Amino acid sequence: MGTIGEAVRRRRSGLRAGAAGRILDFALIAIIAVFLILLGTKVVAQGGSFFLQILTFAVANGGIYALIALGYTMVYGIIELINFAHGDVFAFGAFLSASLLPIFGLREGGTFTAGSVFALLAVFGLTMLACGILNISIERIAYRPLRHAPRLAPLITAVGVSFFLEGVLFLWKGPSNVHYANIIPNAGFELFGATIGAKDLLVIGVSIALVIGLALFVDRTRLGKAMRATAQDRDAALLMGIDIDRTIAATFFIGAILAGAGGTMYGLYYNTSVFDLGFSAGLVAFTAAVFGGIGNIYGAAIGGLVIGMIQSFWDGYFDSAWTQVVIFTILILVLIFRPTGLLGMRVPEK
Amino acid sequence: MLRQFWEGGPRRDPNTIAYVVLLVAAIFFPILVNVITGGNSSAIMTIAADAGVYVLLAIGLNVVVGFAGLLDLGYAAFFAIGAYTYAFLASDHMRVTPLGEPIHISFWIVLLIAMFVAASFGVILGAPTLRLRGDYLAIVTLGFGEIVPRVFRNASTWTSGVNGISALDIPSLPLWLQGPWSGDAFAFVTNFKVISSIAYYVIMVILVIICVILVRNLHRSRLGRAWMAVREDEVAAAAMGVNTVAVKLLAFSIGAAFSGFAGTYYAGKLSLVSPENFGFTVSITILVMVVLGGMGNIPGVIMGALLIYYVIFVLLQQLPEYAVNFVSSIGLSGLVRSSGDYPGIAEFISRLKYIVFGLILVIVMLVRPQGLLPSRQREQELQKGVRDEPVIEDVTAETT
Amino acid sequence: MTVVTAPPILRVDHVTKRFGGLVAVDDVTFDVKKGEIFALIGPNGAGKTTLFNGITGIFPPTTGRVIFQDREITGAKPHQVATLGIARTFQNIRLFEYMSALDNVRLGQHCRMHAKLWDSLFKTPVERAEERRVSDRAIELLQFVGIERYTHTYARNLPYGSQRRLEIARALATNPALLLLDEPAAGFTPQEKVELMGLVHKIVDNGVTVFLIEHDMKVVMGVSRRIVVLDHGEKIAEGTPEQVRNDQRVIEAYLGKQH
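Protein chains in written order, with my numbering: chain A, 1 to 350; chain B, 1001 to 1400; chain C, 2001 to 2259.
Everything labelled a hint here was simulated from the structure, so no lab data went into it. Note that the coordinates shown come from a computational prediction; the quantities given were computed from them, not determined experimentally. Zero decoy hints are in this set.
Taking beta-carbon pairs under 7 Å as the criterion, some of the chain A residues facing chain B (in silico):
#1 Leu152
#2 Ile156
#3 Thr157
#4 Val161
#5 Phe163
#6 Glu166
#7 Ala321
#8 Trp322
#9 Phe328
#10 Leu331
#11 Ile332
#12 Leu335
Straight-line Cα separation of at most 35 Å, DSBU-like style, residue types lysine-lysine; simulated pairs:
#13 C:Lys2077 / C:Lys2123
#14 C:Lys2034 / C:Lys2116
#15 C:Lys2033 / C:Lys2202
#16 A:Lys173 / B:Lys1353
#17 C:Lys2123 / B:Lys1193
#18 C:Lys2034 / C:Lys2202
Derived CB-CB ranges, DEER-like:
#19 B:Ile1210 / C:Glu2140: 34 to 40 Å
#20 B:Ile1195 / A:Ser176: 32 to 38 Å
#21 B:Pro1128 / A:Thr113: 55 to 61 Å
#22 A:Ser176 / B:Ile1031: 41 to 47 Å
#23 A:Gly110 / B:Phe1313: 42 to 48 Å
#24 C:Asn2206 / B:Ile1210: 41 to 47 Å
#25 C:Ile2139 / B:Ile1017: 27 to 33 Å
#26 A:Ile23 / B:Val1020: 53 to 59 Å
#27 B:Pro1174 / C:Arg2156: 51 to 57 Å
#28 C:Ile2139 / B:Ser1120: 39 to 45 Å
#29 C:His2232 / B:Pro1128: 38 to 44 Å
#30 B:Ile1017 / C:Thr2124: 27 to 33 Å
Backbone N, C-alpha and C define an ideal beta-carbon position, used for all residues, glycine too.
Using the sequences provided together with the hints, build the complete structure.
Shown next as structure tokens:
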């Protein structure tokens, strides 16, 4: 396809030009304005401390989703495939870390000592590693053989792998919600009537650290550069001597260790998980990745934060039964009206 | 059809044999069951009629995925729309809604209405999204598949929410022919209420036959060729005058129409709709049927549907019991009870469904992407990329 | 055959195509007259296929206009361009590999068929008659280009030369007034090139204007009435084969400045 495909893509990127585009922009702004006004009235009605509480919650939620979204966006950027199973790797991280906690002496109701910090780090580390290995295996077994098959093929295997992983988790812990040990101490501090706890600080802090770490990695290291190069132009990268297979595997690995960290934090924060967590969280995280701009790391981080916050605020102030509908509607609308997202480079159209 | 069979070339159809086998099996199945169960065929015939719903769904999804090459992961949404259309239009339900007045339209008319409604939603969803790349279209359809049942669940003023809508009208036929298949003497019956499972079975078979004929006609028409071309090379197809977006939209909405059609039949037979029956698992079940059976090949997906239906709804239901008996008989009865995370052998087996589905999808695509009963053409097409060496695209190509 | 004062069937009017900073086609203007064989030549990378793509709607020109049969078609979509009467082949052969030759050519007639959804679903007599007509015409076209022995063969299994002919047959199936051929003789033996030239003449005799891109000078000089030459996106010469052959700029473009 070469230049023709690229040219077609470029023509269709971005917002619609002309009058139609302006109407859509206006409509979009109008919708956002209405939402904010509705939210505003509720916020005022329920008071500042509630708002701050929800805000804390929202930022933590957003942080976790940012970590998952990064995995989606990196993989899509490099092989133009949505790794449907990525959300399930995240869920696997939650399940695995739950099982590892008691092994390292971290139990609900126990005391959280300095030693516990190291134990927790060990759990994080092992879970992240396991998730990384899992994702690399998935790539090797289910995606790599189909790299040159018609587009539909790896798409279907991706769905299959996702379903398979959910099946494994289903087999492991059954259909109901699974309790996740509450081991983070309740220490916290008051801020304008809202409680900000160790959990919130943990999630927000780790998320920020990992995102910055990733950004630095992609920017400064050789492997990071290889990843960027392969994402931009695989053939040129190949001609430059970059080992494509290894670079792709590395991308899967890194995306997954972030997801593993996210899964662990999800469990520590919400103290629950369920076998199909990957499905719902995955869709939300993917929405975030698209919203922020697929293929763009900063986009994924921002998108994760924004969508996570939308989810939490909607849950907090409106009818939570509709939250998923709202999120998925955002997904569809973004793909229809602004497929490049906020910062995106890739265009989801042919 | 027979003439083409002998004409040779890529149009020679091993499918003809498959159709004949299926037809003969469909006709003799109830007789066989009657004989085996000694007249107590009801339970099995109900299962067979239910399987028919999935056969219809598979035929419909095959048009979208198999013919046009569009991955639809939210096919159950249109199924739900069809079912709820029947619930709204053929029951007392509307009385409890703001509308106040119940609506009772004949089952047969609602079938047509549901097709139209579902197709309309197909157009609404498809028109802005079909130009997206395959992955994104898949996700969009997935999102739609999540939104629709949730809306039905949440909009309780209109849909009774989680409770669903029950006591739907029983379909009735103005005329019906009784015979040995239902265990009675030959006789015409008027205003026949379709209650017995054999009646549902017969209706099902007729509906499937009609659908197969229609879809087959489409496949061998101008539109069918356009689908094949678009699936192969959209740029070339457009250059030859094919309006690719319109063609894809037709596939998508025709698929939606079939799904809605199946939904109405399902609601009519079950006399009940509930938002819980239309989740992602249903969409994936149908996808597995199509992929396993043979994407793009009608008899293939019918067989895939019957096979998967049997495995999931019959085999996997009975397997836990067999497993318990087997395990106990070989002295491992310790496996029967649960301990810790292990739920006991029975529950363990009944939980295998998701893993089985996932494995089928992955293994089929890796090993035999054309499915069990492929069309000749698809066989060649899909085998292509699985073992090919990567080729650096000629970067100087098409630059003159 | 060709009347020099015939109206232009295609006008390319100051067409420029930019890809970011790269100017692929730079302010090119020329006419193609109805009924003639018109050639576009130039060294590799001159922008020839890009120009074809701009004309056929694969992407719109950055500036400039394309006028076909007195109707502006700048920026029209590919399927609209085809329906209006411009058909093309591709430099890298884009056949529907897993469809038979017959089906490829039948597909070409898509935009000239009238079967509606209803007709297709129920195989009405209207549809059946049209399908018969379409199949007959497809076989006619396969005979016209000389590959009727491959009627039922999958396109991917055809020998190379026959594949190029099939692409031409498929393009002709759209009933075009103007046929764009992108390097139709690439990879041909001298014998095949002679046959191709004969085919091109046959096509023009049947009332279709031919506009081709070609590298092989013998073919170009042999069939074309008029030629336009591009180099680095710019038009550097236009005229009859004799005029172009002796044009200094053309010689330099192909052979370098010393000559």
